[in-house]
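Enquirer: Chain by chain, the residues run as shown.
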Amino acid sequence: MADASLGLWTVPLAVFGGAIRVSTPFLFVSLGECITERSGRINLGLEGTLVMGAMSAYGISYLSGSPWLGVLAAGITGALFGALHAGVCSLPRVNDIAVGIALMLLGTGLAFFLGKPLIEPTAARLPAIDFGWWSDVPQVRAALRINVLFLIGVAIAPLLYWAFRTTRWGLLIRTAGESADAARAMGHSVLLIRLRATMVGGFLAGIGGSFLSLFYPGSWNEGLSSGQGITAVALVIFARWDPMLCLWASLAFGGAAALGPALQSVGVTSGYHLFNAAPYILTLAIMIITCSPKRTLTGAPAELSITR
Amino acid sequence: MTTEAAESVEAAGGVAPAADPGFLQRYGASIEYILIPGAALVGALAVFGGFIALYGKNPLDLYFYMYYGAFGTWFSWQNTLTRAAPLILTALCTALPAQLGMVIIGGEGALLIGALSATSAALALQGAAPIVVQIAMVIAGMIGGGLWITLSGGLRQYRGVNETISSLLLVYIALAILNHLVEGPMRDPASLNKPSTREIGAANMIGSIPGTDVHWGLVFGLVAAVAAYILIYHTTFGFAARVAGGNIRAAKIVGLGVGKLILTVCFLAGSSAGLAGMIEVAAVQGRTNANLAAGYGFTGILVAFLARQNPLAIIPVAILLGGISASGGLLQRRLGLPDASVLVLQGIIFVFVLASDALYGRIGFLKGKS
Chain A
1 MADASLGLWT VPLAVFGGAI RVSTPFLFVS LGECITERSG RINLGLEGTL
51 VMGAMSAYGI SYLSGSPWLG VLAAGITGAL FGALHAGVCS LPRVNDIAVG
101 IALMLLGTGL AFFLGKPLIE PTAARLPAID FGWWSDVPQV RAALRINVLF
151 LIGVAIAPLL YWAFRTTRWG LLIRTAGESA DAARAMGHSV LLIRLRATMV
201 GGFLAGIGGS FLSLFYPGSW NEGLSSGQGI TAVALVIFAR WDPMLCLWAS
251 LAFGGAAALG PALQSVGVTS GYHLFNAAPY ILTLAIMIIT CSPKRTLTGA
301 PAELSITR
Chain B
1001 MTTEAAESVE AAGGVAPAAD PGFLQRYGAS IEYILIPGAA LVGALAVFGG
1051 FIALYGKNPL DLYFYMYYGA FGTWFSWQNT LTRAAPLILT ALCTALPAQL
1101 GMVIIGGEGA LLIGALSATS AALALQGAAP IVVQIAMVIA GMIGGGLWIT
1151 LSGGLRQYRG VNETISSLLL VYIALAILNH LVEGPMRDPA SLNKPSTREI
1201 GAANMIGSIP GTDVHWGLVF GLVAAVAAYI LIYHTTFGFA ARVAGGNIRA
1251 AKIVGLGVGK LILTVCFLAG SSAGLAGMIE VAAVQGRTNA NLAAGYGFTG
1301 ILVAFLARQN PLAIIPVAIL LGGISASGGL LQRRLGLPDA SVLVLQGIIF
1351 VFVLASDALY GRIGFLKGKS
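One line per chain: the protein sequences are A and B, in this order.
For what it's worth, the working numbering labels the leading residue of the first sequence as 1, then goes sequentially.
For what it's worth, the working numbering labels the leading residue of the second sequence as 1001, then goes sequentially.
Fair warning: there could be bad hints in the mix.
DSS-like mimics (lysine-lysine), calculated; alpha carbons at most 25 Å apart, straight line [unchecked claim]:
1. B:Lys1194 x A:Lys116
2. A:Lys294 x B:Lys1057
3. A:Lys116 x B:Lys1057
Bear in mind the hints are in silico, worked out from the structure with no lab data behind them.
My request is simple: use the sequences and hints to build the entire structure.
Expert: As structure tokens, then:
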């Protein structure tokens, strides 16, 4: 009954609900990458970190019965991958983009290897808060079942914005990203700052992965992440390294990614795969519009190899 | 030069050439290019062995089966060489733009588009003589893959979009296009479980090198690698590309058309990966379906980095990594390891190879100073 009365409104509603649900991994990875890139290094390996995070969260949640322990394990795994990235990058003449590609391959490979026995069993999933209790339309209720991790991510964005601007910690990261020499002159170790920034970035990306396996889609399989990690890295670039813009961009992306399933739910199935590619096409389109060959991007950390 | 050589012979007292400082001065750098990646490979194998030991398997068994599955028998050699063929071509997709200082990692996308284009050409020419169809497939595959990577190059040149990210995004877009076409407009109604295009026909397959089960794709790969080597190191074009890769401002000052260089090199890179896609269709699958996204494009990136972006070095490295992936089946059957173990080893090798970059010029005895 409710279904019939909604009619075509199902699609925007599903996109809205999807934006909240699907955007969470984008949000965590992009905030993490934002910290890392602000310190002057790019970590393309977050795609691998995301998958590793998803696998370890699922495994720990299955073994311990506590999904929150799984989230923590995913974060720690991510931080370890961040440490590996930073460690290899701190060797002389090692290119951070290449190390990122290597860790992307290593992370997905390792996750598939260790996650093989996890495809069958069902792990405890993260709980959701029901914000749609006031409505009796099932679609509205479904769209407003919001996971706590999303709310945490939304809270981290302004916190990070504030921290970059006003705290000593934020200033150090920005100094390392803008001028390694200046940071060195102030008596700080650039490598240490970047190590910490990459580890925190990996921690957040790992948590983003735990959302994939523990909430939505909510299971572990090898096709779980298909490029969300790399899309989120691109997203940081056109969010101009601004955590608040990362938040809005992630929501836009979540909406784009939810378009395919939403259309499928109302019976449009013909271009399903093309709609699923919407986030990648959107990323490319936004990068084409916002980048320019003539100037470096405003807000880009000067030490970042990707914008030079 | 002569005095130096004479001195060194005198100093070394005519013993083995490795102890001759003149020899080391001349060849020390070249030895490094073999020794350091070799050491990285050994280190990676050791770490992987440790990982497997933690998993409860004997690392010595692992090494034996890896060797046996890759190079132990004529059968495994043929399996290895068959896998090396697309790897040579996808590695060129990363190695050619690398001469210009670009990091392209979208070989997988160009491979898929190349396969789709080649299949379309073959299906459009049903009934023509096989040789015509095969030539059309090669051309279509190369143009399809070439344009796909040119897109990344053009975005970099004219819009300043980072080519690493754009080429990777294009992989996912290519995969979506492929899935859309094989499940929709190009689907063979008879393919039920695995949506595929119609078959290109047995007569149009390129077949095997006589006396072996290795398909002609290997020859395509070898020719492409040698041609790329000549292009980069023995032509004005390649020289211009390397100048632009070394210092883009200097290249502009001396009047090199950097934009044209980028587009041409990206086209060649993509057409190489597109050719790999054509080969997978015309020699292995016989049709286009999701099986083509087997990761050759991603392993090709590793091959290119391990070969230090040198087209000739790509050949042995591709055979080595083809061997590793060929041994994957044996590791699964005999040791009960998951099929992803090959991916883990590749990842570990990649990390080691990159970390070993720090060693160049730092190994004391190779500097040739006595």
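Enquirer: Sort out whether Lys1057 of chain B lies within 25 Å of Lys116 of chain A, counting only the CA atoms.
Expert: Distance ~16 Å between Lys116 of chain A and Lys1057 of chain B Cα, so the pair holds.
Enquirer: If you draw a straight line from the CA of Lys1194 of chain B to the CA of Lys116 of chain A, is it 25 Å or shorter?
Expert: 23 Å, holds
Enquirer: For the pair supplied as a hint, Lys294 of chain A and Lys1057 of chain B, confirm whether the alpha-carbon distance does not exceed 25 Å.
Expert: 56 Å, violated
Consistency with the previously given hints fails for number 2 only.
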